[in-house]
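Protein sequences, first through last, are from chains A and B.
Heads up: the first sequence begins at 1 in UniProt numbering, then just goes up one per residue.
Heads up: the second sequence begins at 1 in UniProt numbering, then just goes up one per residue.
Note that these hints are calculated values from the structure, not bench results.
Any given hint might turn out to be false.
In this list, chains with the same sequence are indistinguishable; a pair is considered to hold if it fits within one copy or across any two.
What the hints assert, rightly or not - Straight-line Cα separation of at most 30 Å, DSBU-like style, residue types lysine-lysine; simulated pairs:
| no. | residue 1 | residue 2 |
| --- | --- | --- |
| 1 | Lys98 | Lys86 |
| 2 | Lys93 | Lys18 |
| 3 | Lys98 | Lys55 |
| 4 | Lys27 | Lys133 |
| 5 | Lys27 | Lys98 |
| 6 | Lys98 | Lys133 |
| 7 | Lys133 | Lys93 |
2 protein chains.
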Amino acid sequence: MGTVEPRGEIGQRERILKIAARLFAEKGYHAIGMTELGEAVQLGRGALYHHIRSKEDLLYDISREYIADLADFAEHTARPEPDPRKRIRMLGKELVLKIAANQAELTVCFREIHSLTEPRHSEVLALHRQYEKVWRDTMVDGADLGVFRPYDPIVLKGVLGMYFYSYLWMRTDGRLSPLHIAERLNELALRMVDLDTSSDPVN
Amino acid sequence: MGTVEPRGEIGQRERILKIAARLFAEKGYHAIGMTELGEAVQLGRGALYHHIRSKEDLLYDISREYIADLADFAEHTARPEPDPRKRIRMLGKELVLKIAANQAELTVCFREIHSLTEPRHSEVLALHRQYEKVWRDTMVDGADLGVFRPYDPIVLKGVLGMYFYSYLWMRTDGRLSPLHIAERLNELALRMVDLDTSSDPVN
Numbered sequence: 001m002g003t004v005e006p007r008g009e010i011g012q013r014e015r016i017l018k019i020a021a022r023l024f025a026e027k028g029y030h031a032i033g034m035t036e037l038g039e040a041v042q043l044g045r046g047a048l049y050h051h052i053r054s055k056e057d058l059l060y061d062i063s064r065e066y067i068a069d070l071a072d073f074a075e076h077t078a079r080p081e082p083d084p085r086k087r088i089r090m091l092g093k094e095l096v097l098k099i100a101a102n103q104a105e106l107t108v109c110f111r112e113i114h115s116l117t118e119p120r121h122s123e124v125l126a127l128h129r130q131y132e133k134v135w136r137d138t139m140v141d142g143a144d145l146g147v148f149r150p151y152d153p154i155v156l157k158g159v160l161g162m163y164f165y166s167y168l169w170m171r172t173d174g175r176l177s178p179l180h181i182a183e184r185l186n187e188l189a190l191r192m193v194d195l196d197t198s199s200d201p202v203n
Numbered sequence: 001m002g003t004v005e006p007r008g009e010i011g012q013r014e015r016i017l018k019i020a021a022r023l024f025a026e027k028g029y030h031a032i033g034m035t036e037l038g039e040a041v042q043l044g045r046g047a048l049y050h051h052i053r054s055k056e057d058l059l060y061d062i063s064r065e066y067i068a069d070l071a072d073f074a075e076h077t078a079r080p081e082p083d084p085r086k087r088i089r090m091l092g093k094e095l096v097l098k099i100a101a102n103q104a105e106l107t108v109c110f111r112e113i114h115s116l117t118e119p120r121h122s123e124v125l126a127l128h129r130q131y132e133k134v135w136r137d138t139m140v141d142g143a144d145l146g147v148f149r150p151y152d153p154i155v156l157k158g159v160l161g162m163y164f165y166s167y168l169w170m171r172t173d174g175r176l177s178p179l180h181i182a183e184r185l186n187e188l189a190l191r192m193v194d195l196d197t198s199s200d201p202v203n
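Produce the complete structure using the sequences and hints provided.
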């Protein structure tokens with residue numbers, strides 16, 4: 001907190017997190033030891049522990065960073081947008097691109113969040129709630145403005161489930177780009193919330 | 001396979017599976033040993049091993065049974081329904097009720113399917129694909145009949161994601177009944193696939 005690391009140190013830490021997420025996603029958090037991780041990142045025990053203190057530290061960082069980034073984007077970039085339909089599209093696009101760039105991290109978080117000890121477990125869940133609240137407020141605003149149907153928490157969960165589930169099927173090396181997938185899912189989200197979908201342009 | 005167990009034996013096995021799923025969902029598959037499971041089901045080691053052979057056997061049964069039931073329903077009960085909109089509602093209702101009755105099992109499957117060894121891992125994935133294919137064929141049939149938009153695999157994944165994600169948020173002791181949730185999600189699914197949602201009755 002508040003310390004300034006030289007760029008190389010941050011790069012090294014990011015690299016370790018990325019490789020650890022991929023290993024945890026492929027083989028399971030419990031199946032990977034610090035020795036195996038050290039080999040994968042090509043660092044000795046001392047050098048590895050210089051960057052991370054424990055395996056749970058890694059799990060915490062992996063589970064937290066993508067949702068912290070999403071919550072930050074939602075709060076500071078999306079929330080100020082006054083048009084709720086545009087705001088849905090901003091939130092949806094950022095979410096799909098984040099999922100595409102962090103599939104291993106999402107896999108690890110969905111599988112292993114229960115392995116985090118307190119207060120970290122609650123902290124990561126609170127970030128998810130904070131993120132979800134921006135979606136919720138967007139749907140409420142849209143209803144208040146008369147462009148969306150009345151707010152319904154089941155619609156909120158349905159929309160979020162549609163996006164989040166893509167961590168299981170999206171192939172970043174597939175023929176559909178994440179941007180294309182984002183646009184299609186945004187269209188579906190708007191069909192779910194719009195008061196009258198038949199008269200709305202898709203984009 | 002093919003053996004007939006007396007009813008009491010089946011009841012005992014179902015009871016063990018249910019308790020194991022709950023324990024695995026709460027504390028993690030790797031955190032629970034056979035000794036702890038024996039204590040939870042109040043059976044000694046010998047009696048427990050009479051019903052199940054290993055912890056992986058349990059994981060296999062827990063991950064397989066709900067999706068095997070869903071695939072069977074989809075293939076034999078839903079598929080013969082000629083109206084694609086009715087078929088979507090049948091599939092959606094059965095899925096939500098199954099998720100509501102098997103939240104621990106779905107949690108364990110989503111988290112731990114990678115822990116299954118071959119050929120069991122592939123077998124459970126094949127059941128998921130078989131189940132998904134009935135949804136896919138329903139959307140294709142609806143498009144062919146001119147009631148749904150042209151088939152799009154992203155819509156298929158979006159709809160399934162919306163339903164499946166409910167294992168994370170549905171509260172069977174909550175104020176919304178699984179049946180009510182199913183009806184709302186079915187309505188959203190139809191909004192996603194219908195050619196013209198504005199003129200369609202909701203139910």
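Cross-check of the supplied hints:
1. When the C-alpha separation of Lys98 and Lys86 is checked against a cutoff of 30 Å, the pair qualifies only within one copy, where the shortest distance is 18 Å, while the shortest distance between copies is 36 Å.
2. In this homomeric assembly, Lys93 and Lys18 come within 30 Å of each other (Cα to Cα) only inside a single copy, at 22 Å, whereas the closest approach across copies is 39 Å.
3. Proximity of Lys98 to Lys55 under the C-alpha cut-off of 30 Å is restricted to the intra-copy arrangement: shortest distance 24 Å within a copy versus 36 Å between copies.
4. In this homomeric assembly, Lys27 and Lys133 come within 30 Å of each other (Cα to Cα) only across copies, at 28 Å, whereas the closest approach inside a single copy is 33 Å.
5. Taking the closest pair of Cα atoms, Lys27 and Lys98 come within 30 Å of each other both inside a single copy (22 Å) and across two copies (29 Å).
6. In this assembly of identical chains, the alpha carbons of Lys98 and Lys133 lie at most 30 Å apart whether taken from the same copy (18 Å) or from different copies (28 Å).
7. In this assembly of identical chains, the alpha carbons of Lys133 and Lys93 lie at most 30 Å apart whether taken from the same copy (17 Å) or from different copies (28 Å).
Checked against the numbered hints given earlier, the structure satisfies every one of them.
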